[in-house]
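Engineer: Kindly generate the complete structure, drawing on both the sequences and the hints.
Here are the chains, one letter per residue:
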Amino acid sequence: MNTMQNKPDIKEKVLTKIGHGDVRKRPRAYFMAQVVVVVAFLIVALGLLVFVLSFAIFSVHESGEQFLLGFGGRGILTFFALFPWVMAIIDVALFVLVEWLLRRFKFGYRIPVLRAVFGILVFAVLGGIIVSLTPFQATLLRMAKQNKLPFIGEWYESIYASHSDQGVFRGTVDSIQGNEFVISHDDNDRDADDGAWTVTAPAGFDMSTIVVGERVYVAGAPVRQGVLQAYGIQQLSGDM
Amino acid sequence: MNESTDEELAILVQGNNDVAFGVLIERYQGRLLRYGKKFLSDDDHIEDIVQEVFIKTYQNIRGFDTDRKFSPWIYRIAHNAFVNALRKKHREPVISVDFDIFTDHPQEHYDPAEEEDRKAIRAVVESGLAALPPIYKEILVLYYIEEMSYQEIVDILHVPLGTVSVRLRRGREALKKTIREQGNHE
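Chains A and B supply the protein sequences, listed in that same order. Going by our numbering, the letters in the first sequence line up with residues 1 to 240, in that order. Going by our numbering, the letters in the second sequence line up with residues 1 to 186, in that order.
Note that these hints are calculated values from the structure, not bench results. No false leads were mixed into what you were given.
Straight-line distance between alpha carbons at most 27 Å, and here's what the computed DSSO-like set of lysine-lysine pairs gives: (1) Lys13/A / Lys38/B; (2) Lys119/B / Lys177/B; (3) Lys37/B / Lys11/A; (4) Lys106/A / Lys69/B; (5) Lys106/A / Lys137/B; (6) Lys56/B / Lys17/A; (7) Lys176/B / Lys37/B; (8) Lys69/B / Lys37/B; (9) Lys106/A / Lys56/B; (10) Lys119/B / Lys176/B; (11) Lys89/B / Lys13/A; (12) Lys25/A / Lys11/A; (13) Lys38/B / Lys11/A.
Structural biologist: So, in structure tokens, the structure goes:
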């Protein structure tokens, strides 16, 4: 059989469709718009990635939860229990989105995934730390307290949420006696854990660091209503 | 027009020269049919898929960057079309999670006799290809049969250069094993 007879007439079919106007070239503007949209999504996703990470850092610092890491094994476990995991999940999703968007570009698919992931991670962590060091997050927190921050105001209000169920208390020192001191715990939710708590300091704790009138962060276990055996105590600074 | 490069023809098509597109079809029709036949059977209407590839090429021609080579660009469109056809046929991912794209791989270089090797190996590749998994089959076809460079394969498959290199080596090893097994059976 002749090869020419076997050869499908693709050229004729395609050119006929083009000639009849069934197939049209997309305008250059379409491709430019596509690039602009992808770049815009990339910038927004990177911005959100940095913002969410900076919020998580700010939240852990502002709530005092970072002190738990210095309170030994129980403190570390409590830290992970209180960690803003929702933020972490949002960040992972944004991370995947950024990686996917990057792969649409020549420079994106030409580099190995792990190297790209490392690059995004460095960018996000550095960006998150830098933003958390600026007054940006504190300004948003202030706006949330004044009910002037729509959509994400609740995120900021949750920074000071009560975690007494996890044995974590914040309060002002009212009096000190021996290795015990009394704090007035008030997490603004008017529930059973509000009021005075007598805190027994852990063995070897330097009680000279506790000052009447100052705020402290206490992690421990309630022995009975109003009495707390602490395994970690830290002074709070500023308006924490 | 027949002496023009693919890229020069693509510039003409980007204007309004459909005759130039006809020349591009003539140049690539046979190559894309051959490429498709390495993955799909005649029952899969390869001609229809290749026709669709040319239609997509025409529709998107103004998105082609004429500073780059045309062949990897049209092969990329063909790769996507064939992968989609395979996916429909098997109803499962043709290439699942490819861990080779995750890490850096040192690029393996050939000696100057590589071109000669390539021609000699081509016949061997044709004979042992059918038994290979698609992930190796495609890279061997692109390198040995379509005679694409590593960099062109990077732009067709959208994988890093090191991945092309390592996948090609593994493809050759898989091919050797297949041919050895075929020899034992005969």
